[in-house]
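Enquirer: Read off the chains here:
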Amino acid sequence: MNEEERLSALLRQAPVPSTTFTVSGAVRSARRSLRRRRLAMGAGAAAVAAVAMVGPALVQVGQNAVVTSTPSPSLAASPSPSLSRKASSPWVTEELPIPAGVTSVKAEVVDPTGRYLAGAGDDQRVVLWDNGSPMLLPPLHSPVHNVIVKSINSSGDIVGTAEDKQASVEKNYPWLYHHGQFVMLAPPRGEIRAYTIDINSRGDILGASVEGLPLLWHVSDPGKVTKLSGLDGAWGIADDGTVGGRASGSGRPVLRDPSGKLTYLDELPGRSGFKMSSFTGEWAAGHHRGQSSTLTAARLNVRTGELTQYPHYVGPIFRLNATGAFLTERIGQPRTVFVDPQGNYQELFPLTEADVAAMLANPRVQYFEAADLSDDGKLIVGTQTASADGRTDWIPVVWRLKR
Amino acid sequence: MRAEDEREFAEYFTARLPHLLRAAYLLTGDAHRADDVVQAALTALYRHWAKVKAADNVDAYVQRVLVRQFLDEKRLAWSRVLLSRSLPDRPAAPAEPFEVQDLVHTALRKLPRGQRAVLVLRFLCDQSVEDTALALRCSTGNVKSQTARALGAMRELLASADVRSVP
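One line per chain: the protein sequences are A and B, in this order. Per our numbering, the first sequence starts with residue 1208, numbered consecutively. Per our numbering, the second sequence starts with residue -16, numbered consecutively.
Derived by calculation from the structure, the hints in this document are not laboratory data. Treat the hints with care, since some could be wrong.
Unchecked claim - For the chain B half of the interface with chain A, some residues (derived, Cβ under 10 Å), not all of them: (1) Arg5; (2) Lys34; (3) Val35; (4) Ala38; (5) Asp39; (6) Asn40; (7) Val41; (8) Ala43; (9) His88; (10) Lys93; (11) Arg105; (12) Thr123; (13) Arg138.
Using N, Cα and C, we set each Cβ at its ideal position, and we do this for glycine too.
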């Protein structure tokens, strides 16, 4: 049974509480709702007529109602808590320029220095930003779709995956953009799918097979793939080639150095519940499982062994940088926040004041996704969603730390 | 709605109700909210039953409406309540070890709502990537990436139970 089959079985087996819900009751309720709707439409028409007669006072009420559910630029004229919160944020939200002809693109990764950013558009083309200047990269050689950008290093080398558009079976391509060209990375012998995960500054490319077994390529030899022994999962590769992953069989968090030596991260007292989901060299992050089933965001300094648990943040942590800062959500708040190395969070806001007002009025709606952060903790990349005329577009954005 | 249509409607949903309630419960993690989501979906489908039953794939259409009701919280009264982190009571006997069932619910709840919806549509409702993209009004690439992220998170969370096989 593969992973997807297992998940499918789990979802089908998960117990569901008994309910008094019946279809006949639902039909009765639906009938009542339909009647109310028809009555409301009639009453609404009457109310519109009344507003037209009464004038400005009722019109003012109407504008406030629109501000609550639909952003209104007029809010800018009267400072509100939302605007003051954005103004006091240490982060400035900026829209990234996009190349001519591109309408919708995500900003998905940033290199450790903050110089290079990259993302894929809905036309399956990859965009590279160099110091903020966008460049539309050439199409991948084969007809592909579902192009995904996974990682970028300080030389501007990008790795990602794409699905084969013509293959009758689900073939895909792990790819590398290096020295101005796309090249396909060789999958393991006999396999038609493989994934990229991370690329470090010296050009080591970490990936995984369909079963999740870690793979290694290098930018200088994309046709040569090596299976990494001792691991059955991997999360990141440090600049010295050390891989953070999961030990085969036991599932324990482990570091594998280039010689193949394994160092377990959960051996010190109190670390046995730590599970890794991201790794940057000095830091590993993920979640910690204590006595109960509650999963707490957690970060481990692999040099000192210091484990920090964050009960107010959602685990696992998937994005962290070299200083130990990371991106996650607060418990009960479905919005990405930046957490500094000391564990203090800073809110991120969307582009315009109207967007901010809408976001705070609808706190459970996600208006943007922050995806990656630079090592100096001064730049975060992500995507804001914009909907208009039944179409949803992506706007690539950065959050830049105020100087 | 004509009496004949109403009979068809009732027959169809009587057969599908357990599946829809399961999907809604996995999405919401709360029995009352699951009932609300299913009720909202059925009300919407009742209004447009003639269109629904003419669809090429009625099941996919219904699942799409259900998931959109879940994602469109503004229409539901419970949207004004913050999600609880505590697990609901579970009167049914679990088929998997308790810890795994516990983790399934916990793991789903840890996922962003969109990823939860992707997993339910793909692996409970058996919808294709294309149908899932249609339901969520996003690209197939987005579905694939959301699936990969969600699977990654679920993999790690479930692995912590050290249980790797399903009977």
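Enquirer: Hints first: check each against the structure and report whether it holds.
Expert: Hints versus structure:
1. Arg5: holds, 5 Å
2. Lys34: violated, 15 Å
3. Val35: It is violated, given that the least Cβ distance between valine 35 (chain B) and chain A is near 13 Å, above 10 Å.
4. Ala38: violated, 18 Å
5. Asp39: violated, 21 Å
6. Asn40: Violated, because the Cβ-Cβ distance from asparagine 40 (chain B) to chain A comes to roughly 19 Å (cut-off 10 Å).
7. Val41: Given a least distance of 15 Å, the restraint on valine 41 (chain B) is violated.
8. Ala43: violated, 17 Å
9. His88: holds, 7 Å
10. Lys93: holds, 6 Å
11. Arg105: Hint holds; arginine 105 (chain B) Cβ to chain A Cβ min 8 Å, cut 10 Å.
12. Thr123: Threonine 123 (chain B) check passes; min Cβ-Cβ to chain A is 6 Å, inside 10 Å.
13. Arg138: OK, holds: arginine 138 (chain B) within 10 Å of chain A, min 6 Å.
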